[in-house]
Amino acid sequence: MPRNSGRLFAIHSAAFLALATLSPVPVSAQESEAQAIQSEPGKAPAALPADPSILRVCASESQPPLSMKDGSGLENRIAAAVAEGMGRKAQFVWFAKPAIYLVRDGLDKKLCDVVVGLDTGDPRVLGTKPYYRSGYVFVTRSDKDLNVKSWADPRLKSVDHMVVAFGTPGEAMLKDIGRYEEDMAYLYSLVNFRAPRNQYTQIDPGRMVSEVVSGKADVAVAFAPEVARYVKASSTPLRMTPVPDDTVRSDGQRMPQSFDQSMGVRRDDAALQQALDAGIAKARPQIEAILKQDGVPVSPVSN
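Mapping the sequence shown onto numbering that gives the first Met the number 0, position 72 (from 1) lands on 71, and the numbers just tick up by one.
The hints are simulated quantities; they were obtained by calculation from the structure and are not laboratory data.
The model shown is predicted, which means the values in this text are computed figures rather than measured ones.
A virtual CB, placed ideally from N, CA and C, is assigned to each residue, including glycine.
Among the hints, a few may not be true.
Unchecked claim - Once the Cα atoms are required to be at most 16 Å apart in a straight line, the calculated EDC-like pairs of lysine to aspartate or glutamate come out as:
| id | residue 1 | residue 2 |
| --- | --- | --- |
| 1 | LYS96 | GLU60 |
| 2 | LYS156 | ASP182 |
| 3 | LYS148 | ASP245 |
| 4 | LYS215 | ASP182 |
| 5 | LYS148 | ASP244 |
| 6 | LYS109 | ASP267 |
| 7 | LYS156 | GLU180 |
| 8 | LYS108 | ASP268 |
| 9 | LYS109 | ASP50 |
| 10 | LYS88 | ASP50 |
| 11 | LYS174 | ASP152 |
| 12 | LYS215 | GLU181 |
| 13 | LYS96 | ASP203 |
| 14 | LYS215 | ASP142 |
| 15 | LYS174 | ASP250 |
| 16 | LYS108 | ASP267 |
| 17 | LYS281 | GLU83 |
| 18 | LYS128 | ASP276 |
| 19 | LYS109 | ASP268 |
| 20 | LYS143 | ASP159 |
| 21 | LYS156 | ASP175 |
| 22 | LYS156 | GLU181 |
| 23 | LYS128 | ASP268 |
| 24 | LYS215 | ASP159 |
As the list claims (entries may be wrong) - Per label pair, the in silico range of CB-to-CB distance:
| id | residue 1 | residue 2 | range |
| --- | --- | --- | --- |
| 25 | ARG193 | ASP159 | 18 to 28 Å |
| 26 | ARG196 | LYS143 | 32 to 42 Å |
| 27 | VAL190 | ASN146 | 24 to 34 Å |
| 28 | ASP250 | ASP152 | 13 to 23 Å |
| 29 | ARG283 | LYS108 | 24 to 34 Å |
| 30 | ARG196 | ALA270 | 35 to 45 Å |
| 31 | ASP250 | VAL158 | 17 to 27 Å |
| 32 | LYS108 | GLY177 | 38 to 48 Å |
| 33 | ASP245 | ALA277 | 28 to 38 Å |
| 34 | LYS88 | ASP159 | 41 to 51 Å |
| 35 | ARG193 | ASP69 | 22 to 32 Å |
| 36 | ALA232 | LYS156 | 23 to 33 Å |
Given the sequences, and given the hints that come with them, work out the whole structure.
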């Protein structure tokens, strides 16, 4: 769910936030019990009265593998575990729009009460304590001698196509090493040449992995939670190597690569924030198990 600068490079996040203001994993019994609000196509879900036994979760119905309408998305399952830790039941309020719009079109309009998977410190919300930290990774085929561990690897200038998500550290570094123009037409072809200017456009994470599997790209650079499930499930062995957090551009600017993840509520809802913090603490073993099930590499939270 690219709804924040954790998946959208910090320098570009303001532009994306401006836009926001303008193989399945089996579903557990806990998740299958989570209720959902359905809406007619093109219409926003109807708001429901507050119920202290329910946690209304803003969710995108088509942001695999993080959020999926069958409840099997990584963040859907984490939300269900936290709701259970709070003694509540998760009620997903599904939106057809990309997850970047959930704060504006769901949380701020009080159609739902919590957004999962935001960068810690996201200014649009009152955030919980972080519940995990992950970052960007290089994805390559294990049968190729191309175990890239750094953007300083000279081989990146001569490999065949590299696939990166728009508006991310990967795109910025692709430009920095001087090969963005070489890959630009290829990247746009993966989104049917729909330019990302003034509209939310992103390459499907599953497609990024499949491009590496097929050999159409030698390297993919993506936010690990968005590709880990596909890397783990691939019949072609793949390697997933974290991009170093000390990455810097040629002009010396530091390029953060890993990010704490939090949940967000409305800025005047401190009571729910505190309840979520308690639920996260109680559900930590389940959260860790869910991340491990998807193969998401994690590191200690910094906050």
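Hint by hint, here is what the structure shows:
1. LYS96 - GLU60: Measuring from Cα to Cα gives roughly 8 Å; hence the hint holds.
2. LYS156 - ASP182: 11 Å, holds
3. LYS148 - ASP245: 12 Å, holds
4. LYS215 - ASP182: Distance ~12 Å between LYS215 and ASP182 Cα, so the pair holds.
5. LYS148 - ASP244: 11 Å, holds
6. LYS109 - ASP267: 12 Å, holds
7. LYS156 - GLU180: Holds. LYS156 to GLU180 sits at ~12 Å (cutoff 16 Å).
8. LYS108 - ASP268: Given pair LYS108, ASP268 holds - Cα atoms ~14 Å apart, limit 16 Å.
9. LYS109 - ASP50: Since the Cα atoms of LYS109 and ASP50 sit roughly 13 Å apart, the hinted pair holds (cutoff 16 Å).
10. LYS88 - ASP50: Holds, because 10 Å separates the two Cα atoms, which is no more than 16 Å.
11. LYS174 - ASP152: 15 Å, holds
12. LYS215 - GLU181: 14 Å, holds
13. LYS96 - ASP203: With a Cα-Cα distance of about 15 Å, the restraint between LYS96 and ASP203 holds, given a limit of 16 Å.
14. LYS215 - ASP142: Between LYS215 and ASP142 the Cα gap is close to 15 Å, so the pair holds against 16 Å.
15. LYS174 - ASP250: Between LYS174 and ASP250 the Cα gap is close to 12 Å, so the pair holds against 16 Å.
16. LYS108 - ASP267: Distance ~13 Å between LYS108 and ASP267 Cα, so the pair holds.
17. LYS281 - GLU83: 9 Å, holds
18. LYS128 - ASP276: The given pair, whose Cα atoms are some 6 Å apart, holds under the 16 Å limit.
19. LYS109 - ASP268: This hinted pair holds, its Cα atoms lying about 11 Å apart.
20. LYS143 - ASP159: The given pair, whose Cα atoms are some 13 Å apart, holds under the 16 Å limit.
21. LYS156 - ASP175: 11 Å, holds
22. LYS156 - GLU181: Given pair LYS156, GLU181 holds - Cα atoms ~10 Å apart, limit 16 Å.
23. LYS128 - ASP268: 14 Å, holds
24. LYS215 - ASP159: Holds. LYS215 to ASP159 sits at ~8 Å (cutoff 16 Å).
25. ARG193 - ASP159: 18 to 28 Å: 23 Å, holds
26. ARG196 - LYS143: 32 to 42 Å: 34 Å, holds
27. VAL190 - ASN146: 24 to 34 Å: Holds, since VAL190 and ASN146 (Cβ atoms, about 28 Å apart) stay within the stated range.
28. ASP250 - ASP152: 13 to 23 Å: Because 19 Å falls inside the window, the suggested range holds.
29. ARG283 - LYS108: 24 to 34 Å: 31 Å, holds
30. ARG196 - ALA270: 35 to 45 Å: 40 Å, holds
31. ASP250 - VAL158: 17 to 27 Å: 23 Å, holds
32. LYS108 - GLY177: 38 to 48 Å: 44 Å, holds
33. ASP245 - ALA277: 28 to 38 Å: 35 Å, holds
34. LYS88 - ASP159: 41 to 51 Å: 49 Å, holds
35. ARG193 - ASP69: 22 to 32 Å: With Cβ atoms ~26 Å apart, the hint holds.
36. ALA232 - LYS156: 23 to 33 Å: 31 Å Cβ-Cβ, so the 23 to 33 Å window holds.
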